[in-house]
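Could you slot chain Z onto chain P? The hints should help.
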Amino acid sequence: MNLSLQLLSGLAVGCIYSLVAVGFSMVYRAMGLVNFAQGDLMMVGAFVGYSIIISAPALPFWLVVPFAAALTASLGYVIAQSALWPAIQRGASQTYLVLLTLGIGIVLSNGARLIWGANPRVYPIPLTHETIRVGQYPVPAVYPLIGLTMVVLIVGLHLLFTRTWLGLALRAAADDAQTASIMGVNRRFASAASFALASGIGAAAGVLYAPITFVSADMGMLGIKAFAAAVLGSLGSIPGSVIGGLVIGIGETLGGQLVSSEYQDSLAFLLMIGILLVKPTGLMGKRG
Amino acid sequence: MLRTAKESLSQQNDFASATSQNRNDWIVFAVIVSILWSVPLSLGGFYLYLGLAVAIYAISALGLQTMVGLAGQLSLGHAAFMGIGAYTSVLLQKTLGLPFLVTLAAAGLTAAAAGLLMAQLIRLSGVYFKIATFGFGIVVHQILSNWTALTGGSAGVRGIPVISIIGFQVETRTGLFVCEALTLTLIYGLLVRLSHGKIGRAFRAIGQNEAAARSVGIPVPRYRMIVITLGCAIAGIAGAYLPHLMRFLSPESFTWYESLTCLIMITVGGLGSLPGAIIGAAVLIVAPEYLRDFAQYKMLAFGVLLVASMILLPKGIAGAGAALSRRKRIHAR
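Protein sequence lines, in the order shown, are assigned to chains P and Z. Here the first sequence is numbered in our numbering, starting from 1 and rising by one per residue. Here the second sequence is numbered in our numbering, starting from 1001 and rising by one per residue.
In isolation and in its complexed conformation, chain P is listed as follows (with noise of 0.2 Å):
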């Protein structure tokens, strides 16, 4: 196998984390919790991305990945407002946040299993066999459009970030609740928004994960490869999160190529635990 072919496989992979990582990211500041539901979300939107190309299949592929995650994102939206925001209202310690999305989890991927089935999905599009040239290369069509959404998402997550009123009602919440509700920020809504937000990237990033690999209640597992990249490119951090993605894709792919396949996914938790011994707030993360 060609190493720049092995290079952008890793690139594609990466780009998926990525966005999961930045889901991870966004509500780790939001809300201060580390949500171990990211990676189902995720899949959530995966299978209900399958289920609009099965009850829709004229609509374009592109238009599948917006529906699919505002669908996951009110999903998101329902679980933040339901179940977490009494937790943290009550000031829950992190180790119960964390049991408690690790229970979400555990009911999102069950919960899909008793709805889609225990059996792997493909995608059925063409999107799914296609291969475009590249140099004289074969490589899956959908590589450029994971590419290209995660660039309009990343930048898209900046301007709202940065220009719009929402985006710095949620930085605000984010940075100082207290300061920011007395602003008149709703505390409540805005960790419920970036909820939901975080929970429709996710969406967004399996969709378009999901023609590469197939769709099964089991892909949450992926999200805690996200995590690694998170947690590497340190926590909190958006542009962190899109390296640390990056880094754990081209290295678990290159590692995988030059160890052995079989210990991927050591390899990413081994690379995560060696930055993260270098550099213990991560890769972007501040001092102290």
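Just to be clear, a hint being listed does not mean it is correct.
To be verified - Pair by pair, the computed Cβ-Cβ distance ranges are:
#1 P/136 with Z/1117: 45 to 53 Å
#2 Z/1293 with P/55: 53 to 61 Å
#3 Z/1252 with P/213: 21 to 29 Å
#4 Z/1211 with P/152: 41 to 49 Å
#5 P/118 with Z/1045: 29 to 37 Å
#6 Z/1286 with P/184: 46 to 54 Å
#7 Z/1126 with P/213: 51 to 59 Å
#8 Z/1186 with P/55: 56 to 64 Å
#9 P/277 with Z/1293: 20 to 28 Å
As the list claims (entries may be wrong) - Far from chain P, some chain Z residues (derived; all Cβ distances over 12 Å):
#10 1022
#11 1044
#12 1118
#13 1141
#14 1166
#15 1195
#16 1229
#17 1310
Derived by calculation from the structure, the hints in this document are not laboratory data. Yeah, the Cβ is synthetic: ideal placement off N, Cα and C, and Gly gets one too.
This is chain Z only, laid out in the frame that chain P set:
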């Protein structure tokens, strides 16, 4: 108004009666241990099998409870340490023919060493450490499934040797249960003792507020390392029994889901309560056996159970029981 008065009364009660708390814990200990020794052995058959499984996971959950519930060190890779214990014990028995008591100790020590290795990561504070424990679990599971020369890979290990203790061959389930129940009683007793001593108080202080614990002179990093090593060692000892129950050993018994199940056990039973860990283990082992027809809903039910118990019973079954008995006592006054 009445309610707050009652609560403050019960709080005063708590402050005034550290010794009575001590006595209560030993009463609960006596009740649980007598149930442990009487019920599975007298019912026999399938119940004995259930008792064997419950005892193994109860030991493991006690270790996790000490780490998570008492000292607040969340571990997301607990099953990995059970796996390290299980493989250490079985491989030593098979290849070197060592007696079970030696391999049991070796299982505990190896898991403790791995735990100590993981504990080195406490430099990564807070959230980072939690994720590192998760990564540790994944790495161990992948090594167990892929290091075929040592562990037999995902095909697993067959032909688990019979336990022999000082010349006695433990061939029946009854014999195995006696071994497990002895181990559980011993570990539970030691942990109750420990939780009332200086070390246990330090663990609790760290679990409640690390900064405050440091300010009163508790060497927090050292105690965190001790509690992580201790919890992992206990998991290793529990793991050493698992292959003898299943008559088979495979890495699939030590996945992320198993770690999660251990966490659900201590949460449902009640975070911070030692008897809660045992009750939680019993509930999560026994209930699925009676709901076999709904096996595909098992994890879903576990998840719902976890979320529901977190929202409705933040202190778990043990906490609800304690609150109930306290309320009765106040009414009786």
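How the hints compare with the structure:
For residue 136 of chain P and residue 1117 of chain Z, the Cβ-Cβ distance of about 47 Å falls inside the hinted range of 45 to 53 Å, so the restraint holds. As the Cβ distance of residue 1293 of chain Z to residue 55 of chain P is approximately 32 Å, the hint placing it in 53 to 61 Å is violated. Checked against the hint of 21 to 29 Å, the C-beta distance between residue 1252 of chain Z and residue 213 of chain P comes to roughly 22 Å, which is consistent with it. The hinted window of 41 to 49 Å between residue 1211 of chain Z and residue 152 of chain P holds, with their beta carbons roughly 43 Å apart.
One distance hint, 29 to 37 Å for the beta-carbon pair residue 118 of chain P and residue 1045 of chain Z, holds here, with the actual separation near 32 Å. The supplied range of 46 to 54 Å is met by residue 1286 of chain Z and residue 184 of chain P, whose beta-carbon atoms lie about 53 Å from each other. Our hint of 51 to 59 Å for residue 1126 of chain Z and residue 213 of chain P is violated, since their Cβ atoms are close to 33 Å apart. Look at residue 1186 of chain Z against residue 55 of chain P: about 60 Å separates their beta carbons, and that is inside 56 to 64 Å.
Checked against the given bound of 20 to 28 Å, the beta carbons of residue 277 of chain P and residue 1293 of chain Z, roughly 49 Å apart, lie outside it. At roughly 25 Å from the closest C-beta of chain P, the C-beta of residue 1022 of chain Z stays outside 12 Å, upholding its exclusion from the interface. Under the 12 Å C-beta cut-off, the non-interface status given to residue 1044 of chain Z relative to chain P holds; the minimum distance is some 34 Å. Once the 12 Å rule is applied to beta carbons, residue 1118 of chain Z is inconsistent with being away from chain P; the minimum gap is 10 Å.
Separation of residue 1141 of chain Z from chain P is inadequate, the least Cβ-Cβ distance of about 9 Å not exceeding the 12 Å criterion. With a least CB separation of 40 Å from chain P, residue 1166 of chain Z remains clear of the 12 Å interface cut-off, as annotated. Chain P leaves residue 1195 of chain Z outside its interface by the beta-carbon criterion, the shortest separation being 18 Å against a cut-off of 12 Å. For residue 1229 of chain Z, the condition that its CB be more than 12 Å from all CB atoms of chain P holds, with the nearest at approximately 18 Å.
Look at residue 1310 of chain Z: its CB is around 5 Å from the nearest CB on chain P, not clear of 12 Å, so calling it non-interface is violated.
In the structure shown, a violation is registered for the earlier hints numbered 2, 7, 9, 12, 13, 17, in ascending order.
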